[in-house]
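Trainee: Sequence:
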Amino acid sequence: MPVRNIVRNSGYYWVMAGFNIPYWVFRPDAAVVSRKPDPGLLYIGLVLFIFGELSNLNAHLVLRDLRRPGTTERGIPSGFGFSAVTCPNYFFEIVSWAGIYLVSGLSWSILLVIIIGSVQMAIWAKKKEHRYRKEFGDRYKHKRFVMIPGVV
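In the working numbering, each residue carries its 1-based index in the sequence shown increased by 4.
Since the hints were made in silico from the structure, they are not lab data.
Heads up, a few of these hints could be off.
[Unchecked claim] Restraint ranges, calculated between C-beta atoms of paired labels, are given here: (1) Ser38 / Pro6: 24 to 32 angstroms; (2) Leu50 / Lys145: 14 to 22 angstroms; (3) Arg8 / Gly83: 29 to 37 angstroms; (4) Gly44 / Gly154: 32 to 40 angstroms.
[Claimed, not checked] Here are the simulated lysine to any residue pairs, SDA-like style, with alpha carbons at most 20 angstroms apart: (5) Lys130 / Ile152; (6) Lys130 / Arg143; (7) Lys130 / Ser113; (8) Lys130 / Phe86; (9) Lys132 / Ile80; (10) Lys138 / Glu57.
Virtual Cβ for every residue (Gly too), placed ideally from N, Cα, C.
Based on the provided sequences and hints, a complete structural model is requested.
Mentor: Right, dumping it as structure tokens:
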């Protein structure tokens, strides 16, 4: 990974998740702290978060296993999520963040993290789709959507 990507990605997580979210969500006068939580948002958010994280783990395990030990040849990803989009790991990350958003009581700072992260992941997903088509040719089924089924 190029150094500029490490700096950009680290900056995103440190600034957006490390400073932005704690400041707006956990300060004593924050709305999520000062009002009674909505049980519906809490439970739906928790379910979304757990589903998103477990599905993201599955996608990463599939991606990890694409290259057989001792070879440089990569396989075409398939399985849960991969039949619908090129990068289901990005989709499931957004699902996880949506769960956090609901649990937070609809914090605008978390919504901002979701929007910025989604834009960046959409760029990466489009590049990955292009790379797969170039690398695998006719063996790779062109996906209609690269990240979010029915949207992007």
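Trainee: If you check the beta carbons of Leu50 and Lys145, does the distance land in 14 to 22 angstroms?
Mentor: 35 angstroms, violated
Trainee: Starting from the hint 24 to 32 angstroms, judge whether the C-beta atoms of Ser38 and Pro6 obey it.
Mentor: Distance hint for Ser38, Pro6 is violated at roughly 43 angstroms.
Trainee: Does the structure keep Lys130 and Ser113 at a Cα separation of 20 angstroms or less?
Mentor: Violated: Lys130 and Ser113 sit about 26 angstroms apart, past 20 angstroms.
Trainee: Decide if the proposed pair is consistent with the structure: Lys138 and Glu57, CA atoms, cutoff 20 angstroms inclusive.
Mentor: 30 angstroms, violated
Trainee: I want to verify a distance hint. Is the separation of the beta carbons of Gly44 and Gly154 within 32 to 40 angstroms?
Mentor: 25 angstroms, violated
Trainee: For the pair we were handed, Lys132 and Ile80, check the Cα-Cα distance against 20 angstroms.
Mentor: Holds, at roughly 12 angstroms.
Trainee: Would the hint linking Lys130 and Arg143 be met if the CA-CA limit is 20 angstroms?
Mentor: 18 angstroms, holds
Trainee: Check whether the Cα positions of Lys130 and Ile152 lie no farther apart than 20 angstroms.
Mentor: 11 angstroms, holds
Trainee: Looking only at beta-carbon atoms, does the pair Arg8, Gly83 fall within the given range of 29 to 37 angstroms?
Mentor: 32 angstroms, holds
Trainee: Could you grab the alpha-carbon distance between Lys130 and Phe86 and see if it respects the 20 angstroms cut-off?
Mentor: Roughly 14 angstroms separates the two Cα atoms, so the pair holds.
Going down the numbered hints, you'll see the structure goes against 1, 2, 4, 7 and 10, while the others check out.
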